[in-house]
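Engineer: This is what each chain is made of:
There are 2 protein chains.
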Amino acid sequence: MSLVVQKFGGTSVADAQLIRSVATRIVATRNRGDDVVAVVSAMGDATDLLSDLAYQVCANPDKREMDLLLSTGELVSSSLLAMALRDIGQEAVSLSGLQAGIRTERRFGKARITGIDAKRIEKEVSRGKVVIVAGFQGATDDMDVTTLGRGGSDLTAVALAVQLQATMCEQFTDVEGVFTADPRLVSDARKLKDISYEEMLELASYGAKVLHPRAVELGSVHNVPIFVASSFSSAPGTLIHGGTLMEVSEKVRGIAHDTDVAKVTVLGVPDQPGAVAGLFEPLSEAQIRVDTIVQNTSAENVTDVTFIVSRLELGNAISVVEPAIRSINARGWVADERLAKVSVVGAAMRTAPGYAARMFRALFEAGINIEMVTTSEVRITCIVEADRVPEAVRALHNAFNLATLDGDA
Amino acid sequence: MSLVVQKFGGTSVADAQLIRSVATRIVATRNRGDDVVAVVSAMGDATDLLSDLAYQVCANPDKREMDLLLSTGELVSSSLLAMALRDIGQEAVSLSGLQAGIRTERRFGKARITGIDAKRIEKEVSRGKVVIVAGFQGATDDMDVTTLGRGGSDLTAVALAVQLQATMCEQFTDVEGVFTADPRLVSDARKLKDISYEEMLELASYGAKVLHPRAVELGSVHNVPIFVASSFSSAPGTLIHGGTLMEVSEKVRGIAHDTDVAKVTVLGVPDQPGAVAGLFEPLSEAQIRVDTIVQNTSAENVTDVTFIVSRLELGNAISVVEPAIRSINARGWVADERLAKVSVVGAAMRTAPGYAARMFRALFEAGINIEMVTTSEVRITCIVEADRVPEAVRALHNAFNLATLDGDA
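If you read the protein sequences in the order shown, they are chains A and B.
Counting from 1, one number per residue, gives the positions in the first sequence under our numbering.
Counting from 410, one number per residue, gives the positions in the second sequence under our numbering.
Excised from the complex, chain A in its bound form:
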């Protein structure tokens, strides 16, 4: 008997009626002949409400306590789902992250899973039960509750699929799968039947908010197929896997965009060994993620250094950069928050040249200025003005003929 891990996001368990629907779906999977371990997120906006409560009590909630507080959201949805399953005759048991044996490092708010002691889960599954695991949470070795950060439930599900050697990790969410571009921007965006881990990783980290990149990465390392589908329809979803893709003729798989982008330019950096390091080391120590660093050609022994951070982190970045600027004798800084990334993603780029040129031309023809460019093996990203994102995405979707299955053949 094979085992499937199914994850249900917050919108999928937002009320009692939806929880009963999820129970029905799980029973359908059991009837197909699979054992099921289900992972659930907190109901609807429960996590936000709990967080609000903490900020009503104090301005700066302690992180350990915040994690214990937030973890209750998933305990509520898990126990309700187990009740709903038992109510329709399916034996079920819900487990907190601690009870499920999900061990993490002691790092509240964004702990990483260090291991899973799955004995309890395996015992319950072997007794014919559906096991519901509260997503987003784990516990340290001394039983303190931790949370895994954004997209934590996605990660719980894939980690369990790895540990339990599941045949599949199914992620049920409020979107129908992975599209060639955001359907809200591009009316003829097409749902992909399948996609590689690598491509999905580029799409997800660049704003296709379907599945958390850490979950995709973990699936990729252990080669667990991940199926993304809507819990509100029976439409076929998208399979993320490491095998040969069905739609091999396509070179470009999708257009991603991300508007959470800010640019910082440090002016007049002395062109000396160590000056640039003196800028980025403090940022790294402050755990501020920086990408797309560009250093202008040096003039008169000084240079401008530009980099990209998340818009949310801009304030932090500036407060770290200011003392660094003084210590390396740079001139000052300017920042621009009104930026965004648009990306062309596809594994085939690796072997075939010419995609960058085609991308730049499409943006040029749409009259969109490119501020910076960055690439990976399977992605080309242009930084453009945030206001122009919808046009840019549509222009690129057209330029690469993504609306038709064999567009790029």
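Please keep in mind that the hints were generated in silico from the structure rather than gathered at the bench.
The structure presented is a predicted model; accordingly, all values stated were derived computationally and were not measured.
Yeah, the Cβ is synthetic: ideal placement off N, Cα and C, and Gly gets one too.
You may find that some hints are simply not true.
Claimed, not checked - Pairs of lysine-lysine, DSS-like flavour, derived with a Cα cap of 25 angstroms:
(1) B:532 x B:472
(2) B:538 x B:519
(3) B:528 x A:63
(4) A:119 x A:129
(5) A:123 x A:63
(6) A:63 x B:600
(7) A:63 x B:532
(8) A:119 x B:472
(9) B:618 x B:519
(10) B:660 x B:618
(11) A:123 x B:472
(12) A:191 x A:209
(13) A:123 x A:110
(14) B:618 x B:600
(15) B:472 x A:129
(16) A:193 x A:129
(17) A:110 x A:193
(18) B:528 x B:538
To be verified - A short, non-exhaustive set of chain B residues, derived as facing chain A with CB atoms under 10 angstroms:
(19) 429
(20) 433
(21) 436
(22) 465
(23) 469
(24) 470
(25) 488
(26) 495
(27) 497
(28) 550
(29) 552
(30) 743
Given chain A, work out where chain B should sit, using these hints.
Structural biologist: Chain B only, in chain A's frame:
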């Protein structure tokens, strides 16, 4: 350094502002020189809301899952209180029942505490932290979460006080202490400075809803003084203890009443060995608590048997009694739900006679009919019509001069 256990009920932590007040009170106790372990109930009506949610999902929620669900209410209030303490500079840590080492039997919904492994609590206290323990909950040996039933947080607090050898268990609630009668019924009811465990037990189980009887009983067995006071005022509360009472001159300590009373009379029970047992054994097996059994004088070899149950349990009791009636060849049953108990409580009754006569006379003079009578060592209870309870309590409060401190001297 001595240690105090403080318990804060649901109304005391009903919102963010109140939680901050509780934090201030705890810090005041620390400043007095005591270590503090605090036990909290769920915020306001949180437990009811969680329970409602379960009944929205299904008509008959599984008990194990219900306990996991309900336990989250206390996790929320505990973590918020720990945040509030840290916010005003007091190191604090919140622990679930499981983390706090509160072990119970595997009996969901009304588990009994089998032991407390207080290592974690002791470690945190020795580091100068206030430890907040989620009330009302524990865990089985295999880490399943259980709840302790009604008044569970009271019990958690006293059990911790016993285990930690606390000098005192302080119970902060929405009443100011233990009164000579319900102040809502008797305008000149007087707050008692202290009361014995035994008297408190009789008052509490007969409806003075200040503190759960199981908590009083546990305090009595281990001789832990329990102080009951309001968390909304600084008025002095009532000390429940096993030593010599301050107000020794009083013979009667209080008048209790309980309107959760129903009477069942089984008619025409054959006057044979085993017939009455055939009636009460099934009730005992169904865990229905029966008290005040009266058997009428036998006439023509049949007898009527009358007993009292909680009004909430009447339906259950009837469904158990009906088949029993058939099997012992009794004639049938009648029930009366409109009844109540009024009780006169005082340890001095044990040694001095005449209290019953004085009670019956007071009720007679008020024109109140006595349906049944039951007594304990320190209590006399009359069953009367529920409608007459206010008059009965006032009449007894007057008859025993309870409004004045030396009334009975």
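Engineer: Against each hint, give a clear statement of whether it holds in the structure.
Structural biologist: Evaluation of the provided hints:
The hinted pair formed by residue 532 (chain B) and residue 472 (chain B) fails the criterion: a straight-line CA distance of about 33 angstroms is larger than 25 angstroms. For the proposed pair residue 538 (chain B) and residue 519 (chain B), the alpha carbon gap of about 30 angstroms is over 25 angstroms, so the pair is violated. At roughly 23 angstroms between alpha-carbon atoms, residue 528 (chain B) and residue 63 (chain A) fall within 25 angstroms of each other, so this suggested pair holds. Of the supplied pair hints, the one linking residue 119 (chain A) and residue 129 (chain A) holds, its CA atoms being roughly 14 angstroms apart against a limit of 25 angstroms.
Note on residue 123 (chain A) and residue 63 (chain A): the hinted pairing is violated, with a Cα-Cα distance of about 33 angstroms set against a maximum of 25 angstroms. Between residue 63 (chain A) and residue 600 (chain B), the direct Cα distance comes to roughly 43 angstroms. Violation of the 25 angstroms bound is thereby established for this hinted pair. Among the hinted pairs, residue 63 (chain A) with residue 532 (chain B) is consistent with the structure: their alpha-carbon atoms are about 20 angstroms apart, no more than 25 angstroms. Distance hint between residue 119 (chain A) and residue 472 (chain B) is fulfilled; the C-alpha atoms sit about 23 angstroms from each other, no more than 25 angstroms.
Taken as a hint, the residue 618 (chain B) and residue 519 (chain B) pair is honoured in the structure, with Cα atoms around 18 angstroms apart against an allowance of 25 angstroms. Annotation: proposed proximity of residue 660 (chain B) to residue 618 (chain B) holds, straight-line Cα distance about 22 angstroms (limit 25 angstroms). Distance hint between residue 123 (chain A) and residue 472 (chain B) is fulfilled; the C-alpha atoms sit about 20 angstroms from each other, no more than 25 angstroms. About 14 angstroms separates the Cα atoms of residue 191 (chain A) and residue 209 (chain A), which keeps this hinted pair within 25 angstroms; it holds.
This hinted pair does not check out: residue 123 (chain A) and residue 110 (chain A) have alpha carbons roughly 29 angstroms apart, beyond 25 angstroms. Distance check on the hinted pair: residue 618 (chain B) and residue 600 (chain B) sit about 14 angstroms apart at the alpha-carbon level, within 25 angstroms; holds. As the CA atoms of residue 472 (chain B) and residue 129 (chain A) are separated by approximately 16 angstroms, the hinted pair is consistent with the 25 angstroms bound. A threshold of 25 angstroms between alpha carbons decides the hint, and for residue 193 (chain A) with residue 129 (chain A) the separation of about 32 angstroms lies outside it, so the pair is violated.
Between residue 110 (chain A) and residue 193 (chain A) the CA atoms are separated by roughly 32 angstroms; this puts the pair beyond 25 angstroms, and the hint is violated. Using a Cα cut-off of 25 angstroms, the hinted pair residue 528 (chain B) and residue 538 (chain B) holds, with the two alpha carbons roughly 14 angstroms apart. Against a cut-off of 10 angstroms between C-beta atoms, the interface hint on residue 429 (chain B) holds, since the closest Cβ of chain A lies about 7 angstroms away. Because the beta carbon of residue 433 (chain B) sits about 13 angstroms from the nearest beta carbon in chain A, more than 10 angstroms, this interface hint is broken.
This hint is violated: residue 436 (chain B) has a C-beta 14 angstroms from the nearest C-beta of chain A, more than the 10 angstroms allowed. Contact between residue 465 (chain B) and chain A, as hinted, is supported at the beta carbon level, the nearest pair being about 4 angstroms apart and thus within 10 angstroms. At about 7 angstroms, the closest approach between the beta carbon of residue 469 (chain B) and any beta carbon in chain A falls short of 10 angstroms, and the interface hint on this residue holds. Hint status for residue 470 (chain B): holds, given a least beta-carbon distance of 5 angstroms to chain A, under 10 angstroms.
Here the hint on residue 488 (chain B) is kept, as its CB sits about 4 angstroms from the closest CB of chain A, short of 10 angstroms. A hinted interface residue such as residue 495 (chain B) counts as satisfied when its beta carbon comes closer than 10 angstroms to some beta carbon of chain A; here the least separation is about 5 angstroms, so the hint holds. For residue 497 (chain B), the suggested interface contact is upheld, since its CB lies about 8 angstroms from the closest CB of chain A, less than 10 angstroms. Hint on residue 550 (chain B) is violated. Least Cβ distance to chain A is approximately 13 angstroms, over the 10 angstroms limit.
Interface hint at residue 552 (chain B): satisfied, since its Cβ lies 5 angstroms from the closest Cβ of chain A, which is below the 10 angstroms cut-off. The interface hint given for residue 743 (chain B) is broken, as the beta carbon of that residue sits about 37 angstroms from the closest beta carbon of chain A, more than 10 angstroms.
Checked against the numbered hints listed earlier, the structure breaks hints 1, 2, 5, 6, 13, 16, 17, 20, 21, 28, 30; every other hint is satisfied.
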